[in-house]
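Chain A is already provided as a structure; the job is to place chains B and C on it using the hints.
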Amino acid sequence: MTSSRKSTLLHFGVLALLVVLFFVLPPYHAGNLSRIMVLAIYAMGYNLLFGYTGLLSLGHAMFFAAGMYGFGLTLNLGGWPVPLAFVAGVICAGALALVIGLLALRTAGVAFMIVTLMFAQTGYLVVLYFGTYTRGDEGFVIQQAQRMLGGIDLTSETGRYVTALILFAICFLGLARLVQTPFGRTLVAIRENEERTRMLGYDAGSHKLRALILSGAVSGVAGAAYALLFGYVGATFATVQYSIFPLLWVLLGGAGTTIGPLIGVFFMFYLIDTSSTYTNAYMLIAGVVLVLLTVFAPQGLAGELRKRVFKWLP
Amino acid sequence: MEFGPHLMLASLEGAVIAAILSLTAMGLSIVFGVMRVVNVAHGEFFMLGAVLAWYVTSALGGHPALGFVAALLIVPVLVAAIAATADRLILKRIDYDADRTIVGTIGILYIIQQTTLMTFGPDARPVEAPFNTRLSLPWFEFGENGFAMFWPWGLSTTSYKLFVIAAAVVILLGLWMVITRTKIGLVMRATQQDSEMAQAFGVPVGTVYSLVFGLGAGLAALGAVLVVPIQQAHYLMGHDPLLLSFIVVIIGGLGSLPGTIVAAILIGMSDGIISVFFSPTIAKIIATLLVAMVLVFRPQGLLGKTAP
Amino acid sequence: MAAVSILETRGLTKAYGGVLANSDVNFKLAKGKVTALIGPNGAGKSTFVGMVSGRTEATSGQVFFEGKDISHLPAHKRMQLGLAYTFQITSIFPGLSVHENVALAARRKLGKDRKALEAKVQAVLTRVGIADRADQIAGDLSYGHQRILEIAMGLAQDPHVFILDEPTQGLADSEVDDFIKLVRSLAGETTILLIEHNMKVVMETADFITVLDQGMVLAEGTPAEIHANADVQAAYLGSTPHA
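Residue numbers (our numbering), protein chains in the order written: chain A, 1 to 314; chain B, 1001 to 1308; chain C, 2001 to 2243.
Chain A extracted, bound-state conformation (with noise of 0.2 Å):
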């Protein structure tokens, strides 16, 4: 069997085994998968710029957050319905990754990082400033009403489901793709050895900006999406916590692999939520989990896997 035969079965394969875990699993398990996937899509936009473009932003939150209120705001002052809503949330999240762009490209390595990370706390604090609006780290609570598509209550454990598996099905594959395509190979390209890019005619700037913007976009549905189906919108998910996260799942499953991002918010998400029974101190598997991959195992779950066994893996 072909790669790409391989890499397809392996795709699809995934998407069937999450609907089939729809029917098996508890409520409660399949009420955190939902969460999950909506996560997980926050990873892949992450994993898109990290994994495969080389360029580690620690301020992703922010594009995270736009998309979150942007949906929120549209919908609760403005009034707007749900798919225009949702839309507004997903452009706010790619304008800013383009305003973004623009200045944080000129930069790279340790001064990107850095100048990302000061960007998205800016926005937290802008997001904090204008706290009649935004309710701030309080937040505010999207209806159960309001969260309807076409008749459908979304709000229910099918709808959230439904919803949340369609969103991350169109993002898999959808990512899947663009790095197989020209464009992809580019970015990975760019990431391996940006000057000789440069050097075979590719415009690497150019690129970058595109990859950002496309990886923000990503997040910023992430962001709508919690939003629509969770129902509450905050300024802690505009926190340096919410930057970190999706550097810490792609990192655990994998950068630069295609399942890696849904691999690691899964086992992050029930590693947290087994440990927070115990301890309301459960960022401290978080932070052993970070020190161990990254002195041992620095290519994640799925990475260590393609290295060593499946050397076809996307």
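Hints should not be assumed to be uniformly reliable.
[To be verified] For the chain A half of the interface with chain C, some residues (derived, Cβ under 8 Å), not all of them: (1) Val82; (2) Arg135; (3) Pro182; (4) Arg185; (5) Glu192; (6) Asn193; (7) Glu194; (8) Arg198; (9) Gly201; (10) Tyr202; (11) Asp203.
[What the hints assert, rightly or not] Stretch by stretch, here's where chain B covers chain A in the computed footprint (C-beta under 8 Å, at least three residues): (12) 120-126; (13) 210-223; (14) 227-238; (15) 261-268.
[What the hints assert, rightly or not] Here are the in silico distance ranges between beta carbons for each label pair: (16) B:Leu1135 x C:Tyr2016: 50 to 60 Å; (17) C:Lys2112 x B:Glu1196: 43 to 53 Å; (18) A:Thr277 x B:Ala1059: 28 to 38 Å; (19) A:Val20 x B:Glu1196: 54 to 64 Å.
What the hints contain is simulated information worked out from the structure, not anything from laboratory work.
In this text the structure is predicted, and so the values were computed from the model without any measurement.
C-beta: ideal position from N, C-alpha, C; glycine also.
Frame of chain A; chains B and C shown alone:
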């Protein structure tokens, strides 16, 4: 209070912030200057300093000055040792690779922070200052009798705050002397210039790195011990110093020690003044945006030599 | 020389602070021929080529390519116009396969046509002799093979001008012979600008030689003319040889 005295009060508060900030930021700057790594856990070493100071002063009891002096001597060394161990166990293993160090130090951040949460708890706990007399400050006005001083109500500071400012100056001077006059300082500067060359000359670069990393953390902890009688110890108190130290080091220029001091004074003073006259949120927004813009358009900072 | 110039520089200068790495270089590259750029260490060869390729910004002067002024174009745009460049210190994609390395080079032009791309990659790999290593990770190759891979990446772009910066450095003698054969086989297909220290390679491949010394053009001509040139001998040996 009128504008003049209000400004003076804000300036004094700013001066205290600047004093602590210069110590903390100096720690971050030295580590980057010599080792070329960004320590995201820097704020947590600051927090450890405050928390451990609380433990020391609580354990010793008696007159607060006793506990305070003990904390001042023991805590920075203890925190430095913890940092040096982290360097040996983790950073050395990943060969100080830029990406992995950032990730690794983020991990260390959470480990330190959450362990403190589990042991010290989520509450803020005060530490008593060794001495704390309130000092009223004079202001001037031109009255019918010519130039006269008066003491506006509310315009005061404490003897301890003045001590903090003085202590910071003394410590920085001492640090400057160590770096420029002693053999250890020479070794550090040599390793900063060219670590491979230094190694070829027999400098134990690995040990120097551990020492420097420890020194950076120790300076932050020292600043925290000084500030904890004013501020209280809390497991999340590392966040703001980390951000502010970043801002200072980047604006002052990574690897430039005089730049760090100038920037610390600038940032500390303006943070204090803007916070008093406007809102603290605005002050922080301006500061974070400023550092991003400096990195984008003038990466060497105001006085720095190398871009990060 | 009555040959057509495909590349030309006028007054190309590079100053680093007070030091002139290149000074007022007027250079014409003959189309379809192999021109070698030689000179003692520090003569400014790599800086000159850096300015031609766009890696280094010129302090003053102009670069013309196929009649167009490309002096202010960034490097990637110059590559798009038909320039190809191999680095003095091999610069490939060590984490990717040999196949993907060449595919990346060819994909910019042939990205839309999978079949044509694949055919190109196979053809180029076969031509340089590493087709059997297509699936190997480029970083695992020997240094000599990595250099050959880099040349393959250049060829995959079907360049009009192919700039090779010290391509035989670090190669074994047999590999150098293979390289000479390869360059000779490219005669007429493309124009080659070769920076070289290996005089054997220069003498056996070059149609023309330009000699740089201290940032300036010292001499230009056929290999025979250069061989007999006293100034060139002085620059290399430090004194005029006795007859």
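Status of each hint after checking the structure:
no. : hint                              : result
1   : Val82                             : violated (39 Å)
2   : Arg135                            : violated (47 Å)
3   : Pro182                            : holds (4 Å)
4   : Arg185                            : holds (7 Å)
5   : Glu192                            : holds (4 Å)
6   : Asn193                            : holds (5 Å)
7   : Glu194                            : violated (10 Å)
8   : Arg198                            : holds (5 Å)
9   : Gly201                            : holds (3 Å)
10  : Tyr202                            : holds (6 Å)
11  : Asp203                            : holds (5 Å)
12  : 120-126                           : holds (count 4)
13  : 210-223                           : violated (count 0)
14  : 227-238                           : violated (count 0)
15  : 261-268                           : violated (count 0)
16  : B:Leu1135 x C:Tyr2016: 50 to 60 Å : holds (57 Å)
17  : C:Lys2112 x B:Glu1196: 43 to 53 Å : holds (47 Å)
18  : A:Thr277 x B:Ala1059: 28 to 38 Å  : holds (33 Å)
19  : A:Val20 x B:Glu1196: 54 to 64 Å   : holds (57 Å)
The structure is inconsistent with the numbered hints 1, 2, 7, 13, 14, 15, although it conforms to all the rest.
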